[in-house]
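**Student:** Each residue of the sequence shown is one higher than the one before, starting from 62 at the first, in my numbering.
Keep in mind the hints are simulated off the structure, nothing from the lab. Backbone N, C-alpha and C define an ideal beta-carbon position, used for all residues, glycine too. Don't take every hint at face value.
What the hints assert, rightly or not - Across the chosen pairs, the derived CB separations fall in these ranges:
1) Glu-133 <-> Lys-109: 27 to 37 Å
2) Tyr-333 <-> Val-247: 38 to 48 Å
3) Arg-132 <-> Asp-65: 23 to 33 Å
4) Gln-144 <-> Asn-209: 35 to 45 Å
5) Ser-275 <-> Lys-332: 34 to 44 Å
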Amino acid sequence: MIIDGVKISETKMERLKNEIEKIKNTGINPKMKIILIGNDYGSVVYSKAKMRRGSKLGIDVDLDRYDSISREDLIKLLKRYSQSDDIHGIMIETPVPGINYYDVVNEIPFYKDVDGMTSYNLGNLYLKNEFIAPATARAVVDILDYINIKSGNVAIINRSPVVGRPLSMMLLNRDFTVTVCHSRTVNINEITRSSDIVVVAVGKPNFLDRSYVSDKNIIIDVGINYLNGKTCGDADYENIKDYVNAITPVPGGVGPVTATDIFENFINGLKYQIKG
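Hey, can you work out the whole structure from these sequences and the hints?
**Tutor:** Next comes the structure, spelled out in structure tokens:
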């Protein structure tokens, strides 16, 4: 089975569009800022996808793009946007060349943190409060919900604060059994083949080949790479798609759902700001 992330995204978009219309009817013009530094391929792709979705939802998404920026200037920018009543959500695209992302992200108020990466939002996640959750991790959970998978053994090949760590906690909160794999994990392929669900996010094209999978696996491919003029994920898609139980394609899988979940976070934060 090929899991259609575009369809999942469109289903959620309709609900979010209705919520934005209600908010705009109160006289509020929802606005989000994306800050993109450098030319990372995945960041450029995702920022453009978010701008398209924002336009469809009726949200003004403004992209600030810099070849480079100092830590001090980035903090000044974040403080200015954080204090503005006209800006309701802020996102820093990663990676941030030359700057420790986690050193600056806490300049964003938790209710404007649309990517769910401030210490406040991550801390709440561990306490089972998913008010604003990291969007990529939320997207994986949304995909599993959509295909009605409520439990099972999950192998996550990633331990980053963006994907692996928050996703492991969100799945544990839902009673999945989770194994987090990384570069020093021994016999990863044995772990993945015996798992019901494999989430891969290593940034290496075609990394997850037949040696890592079994016919019972559901593969969630979070990777986004550029190879031979085409966008691809971390899974060896063409060689495993007809062998595994189910798989998300790249493009058209996790990416569209992630881009939409950014706006679910945005709306949750905006509602908080409206309530005061």
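**Student:** Hint by hint, say whether it matches the structure.
**Tutor:** Evaluation of the provided hints:
Evaluation of the 27 to 37 Å hint for Glu-133 and Lys-109 yields a pass: the beta carbon distance comes to about 28 Å. With their beta carbons about 44 Å apart, Tyr-333 and Val-247 fall inside the hinted range of 38 to 48 Å. Judged by the Cβ atoms, the range 23 to 33 Å given for Arg-132 and Asp-65 is violated: they are separated by roughly 41 Å. Our hint of 35 to 45 Å for Gln-144 and Asn-209 holds, since their Cβ atoms are close to 44 Å apart.
Checked against the hint of 34 to 44 Å, the C-beta distance between Ser-275 and Lys-332 comes to roughly 43 Å, which is consistent with it.
Consistency with the previously given hints fails for number 3 only.
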